[in-house]
Amino acid sequence: MSAAPRVTGMRAVGQEPRRFRVAPQLRGRELGLLVIVGVALYVGSVSLGATQRFREQLLEGEPGKVDMTTPADAGLLLIYLGALFLVHAILVMAGRRTDQILLPTVGLLAGIGLLLMERLPQNLAGNLGGLAQTQLVWLLIGFGIIAALAVAVRNDVWLRRYKYTWAAVGVGLLLLVFLFGSETNGARLTLTLGPFSGQPSELLKVILVVFLAGYLSENRPLLVDESTRVGPIRLPPLPYLAPMVAMWAIALGIVVVQKDLGAALLFFAVFLLLLYVSTARISFVVLGLAAFVIGAGLLYFVFDHVRTRIDIWVDPFVDPQGAGFQIVQALHAFARGGLIGTGLGNGLPTIAGRPPIPALHTDFPLAALGEELGLVGILAILGLYLVLVQRGLRIASAAQDEFRAILAAGLSLVIGVQAFIIAAGNLKLIPLTGITLPFVSYGGSSLLANSVIVGLLIALSERAREPLPPPRRVGRLRGLFDRGAA
Amino acid sequence: MDAAVISIWVLRLIFLAMLYAFLWMVVRALVRDLRAAAREPTTELGRLVIVASPSGEPAAGAAFALDAITSLGRDVNNSIVLEDEFVSATHAALTYRGRAWYVEDLGSTNGTFVNGSQVDGLAPIAFGDEIQVGQVRLRLERARA
Chain A
1 MSAAPRVTGM RAVGQEPRRF RVAPQLRGRE LGLLVIVGVA LYVGSVSLGA
51 TQRFREQLLE GEPGKVDMTT PADAGLLLIY LGALFLVHAI LVMAGRRTDQ
101 ILLPTVGLLA GIGLLLMERL PQNLAGNLGG LAQTQLVWLL IGFGIIAALA
151 VAVRNDVWLR RYKYTWAAVG VGLLLLVFLF GSETNGARLT LTLGPFSGQP
201 SELLKVILVV FLAGYLSENR PLLVDESTRV GPIRLPPLPY LAPMVAMWAI
251 ALGIVVVQKD LGAALLFFAV FLLLLYVSTA RISFVVLGLA AFVIGAGLLY
301 FVFDHVRTRI DIWVDPFVDP QGAGFQIVQA LHAFARGGLI GTGLGNGLPT
351 IAGRPPIPAL HTDFPLAALG EELGLVGILA ILGLYLVLVQ RGLRIASAAQ
401 DEFRAILAAG LSLVIGVQAF IIAAGNLKLI PLTGITLPFV SYGGSSLLAN
451 SVIVGLLIAL SERAREPLPP PRRVGRLRGL FDRGAA
Chain B
1 MDAAVISIWV LRLIFLAMLY AFLWMVVRAL VRDLRAAARE PTTELGRLVI
51 VASPSGEPAA GAAFALDAIT SLGRDVNNSI VLEDEFVSAT HAALTYRGRA
101 WYVEDLGSTN GTFVNGSQVD GLAPIAFGDE IQVGQVRLRL ERARA
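Here the protein sequences line up with chains A and B, keeping their order. Start counting the first sequence at 1; every next residue gets the next number (our numbering). Start counting the second sequence at 1; every next residue gets the next number (our numbering).
In isolation and in its complexed conformation, chain B is listed as follows:
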């Protein structure tokens, strides 16, 4: 075998090796990314973010991890207590049934609104929707992945 043939052969192998070097680097990065995501425990089904809260309790920008049933209201026994004078003691409940979220008005005085339209009884909501309870506006978001 002469030198030219051998060096061409070596070049070919280096090229293939480089392809796998790239894949190796990428897979390492992907695994690191997935590990980092797994380290943050996400048993939550969704998040509720306070968009606006005139009374300041809870403050706008606060986020709550949601369980399958979350109640909203002024009473201290609610999962999320909203200190707002237009919020009833037990105002509304967020439930996760099957594969979808629902909001239910629990007979509040001032009503519950989804994207500006009033809820009578039960209404399905999706991630990104905005819920208004009293003067408090909240947004349903996907759990952090």
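So that you can see chain A by itself, here it is in the shape it has in the complex:
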């Protein structure tokens, strides 16, 4: 695991190994942005608290004087912001020159999510004293992961060398879910181990990107080689298409066995994007889209749950009280929100103590935010995801080698594509697929997996002065290229 032997080459230049020398490095930009995040979340919390108190007084009868300065749940907010600044302090102490924008952006997104959880009925989910408190606990663990990865990951050998091991772990996770998973809302994606339960497909997306980065960076020269021609389409050597066909099959398998359309769509989209990022061949994307259309068409005719999703998407108002209920309610929520929303705590009438949209806290947070913050608020939130993607691609373009570049691009695209899939699903832009809105939705697996992604991105963004990890073997590829040598 250690890169120690490789340091020798750099010592000749007179550089001492930086591994154990820690000099704190100020992160002014991060601190400034975090202060804005803190103020914004404080204002949001006060707005929520004032609205809630005002509504209580209205219910009691004559509204008197309403307290307009205290936040809804000061303790929760304090712990959350404290954790955010603690991570900042840890990054400062670690003294690495890493990205300063990811942490505040994630902090703001997760903070908005936390405000939403505070505002929803606390008995929706969570066994640690309510929805918001459970979410806070997961967020704290997530921040711990971000800090740990951002400080400790100096070397990516353990990721790139064992890429097939990672792939095997991923497939193993998938099989475990196939065999032992329990169904929630018709999708088999929860794995329960004793007291713990989680959704492995969240972790799987990280593993998938690590594997693809390893595979694509190693075989890129082969993939851009065009030895096979099918009509006008030029293809790489056929054996090297196998993993791609396997990916397509895995995505289909997830849909068929797990009935998890969201994860399948996410995996396949990220796979195609990474293929394009690493080879710059539009023909792959065209081919992949063709495969997608064929697969989707097949699934539509063979499987009921796919057909209902599409039918609901085409016209939810055919059955507004049954199949189309969720999406119809979401559309109404967006409509009630209008331009600037009804204000935090003021939307979402509850029916018998529950919000009208089923699975609001996991699958439809955007609809809730759309009602309470309006179009203006939603655009800001989507903007935050764009910032995450931009930072990831920027880190990729500044990376020292292909593995890191593809890894950084893939990790940020996972977040971006996932946010797009669920946001577009909520807005009835594409058929709805149950998947979480990264950092905003309630849910431990999702928060932890996305924290791993952000932690790795921060670690990857370090301005390099370190020796590169051992280069990959090249011998295996030589035979093929001898052909072109003359």
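Wrong hints could be hidden among the right ones.
Unchecked claim - Here are a few chain B residues that sit away from chain A, every Cβ distance over 12 Å (derived from the structure): (1) Ser7; (2) Arg39; (3) Arg47; (4) Ser79; (5) Val81; (6) Glu83; (7) Glu85.
What the hints assert, rightly or not - Covered, in the sense of this in silico footprint (three residues per stretch, anywhere, with C-beta under 8 Å from a C-beta of chain A), are these stretches of chain B: (8) 8-19; (9) 63-76; (10) 90-102; (11) 125-137.
Claimed, not checked - Only some residues are given here: those of chain B computed to face chain A with a beta carbon under 7 Å: (12) Ala4; (13) Glu141; (14) Arg142.
It is worth saying that the hints were derived from the structure and are not from the lab. For each residue, glycine too, the CB sits at the ideal point set by N, CA and C.
Here the structure of chain A is known, so what remains is to put chain B in place on it, guided by the hints.
Coordinates of chain B only, in the frame set by chain A:
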């Protein structure tokens, strides 16, 4: 309208404004970052970094920006001149074709090695790979973005 309703309304607007204040700050930082990156001209396709060079010319740690064709050798007409007694006059060439890098041994006496295995003729290389020419070890790196 009573005061409570108005102040709640103002709080809501301030919260939305804060979200955009954050985005504004971030976008400003991002644009500054991109401008700074654009100011450094990067017509280079890659960089070659000297990892070890016993003769000291060029010194270890030196980095060369690469064009589409770069020749390595002891002769002064090479793009990168390596003063090493185990390097041939015209030793090897690095070429960028299509979307990939290749190293080609130009019939050198002592051979060219990529990550420890000898190149016969042409071999594809990727960023991060190490090339050995004579006693000089060089590493191909991505261009500075």
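For each hint, the structure was consulted:
{"no.": "1", "hint": "Ser7", "verdict": "violated (5 Å)"}
{"no.": "2", "hint": "Arg39", "verdict": "holds (14 Å)"}
{"no.": "3", "hint": "Arg47", "verdict": "violated (10 Å)"}
{"no.": "4", "hint": "Ser79", "verdict": "holds (21 Å)"}
{"no.": "5", "hint": "Val81", "verdict": "holds (19 Å)"}
{"no.": "6", "hint": "Glu83", "verdict": "holds (16 Å)"}
{"no.": "7", "hint": "Glu85", "verdict": "holds (18 Å)"}
{"no.": "8", "hint": "8-19", "verdict": "holds (count 10)"}
{"no.": "9", "hint": "63-76", "verdict": "violated (count 0)"}
{"no.": "10", "hint": "90-102", "verdict": "holds (count 4)"}
{"no.": "11", "hint": "125-137", "verdict": "holds (count 7)"}
{"no.": "12", "hint": "Ala4", "verdict": "holds (4 Å)"}
{"no.": "13", "hint": "Glu141", "verdict": "holds (6 Å)"}
{"no.": "14", "hint": "Arg142", "verdict": "holds (6 Å)"}
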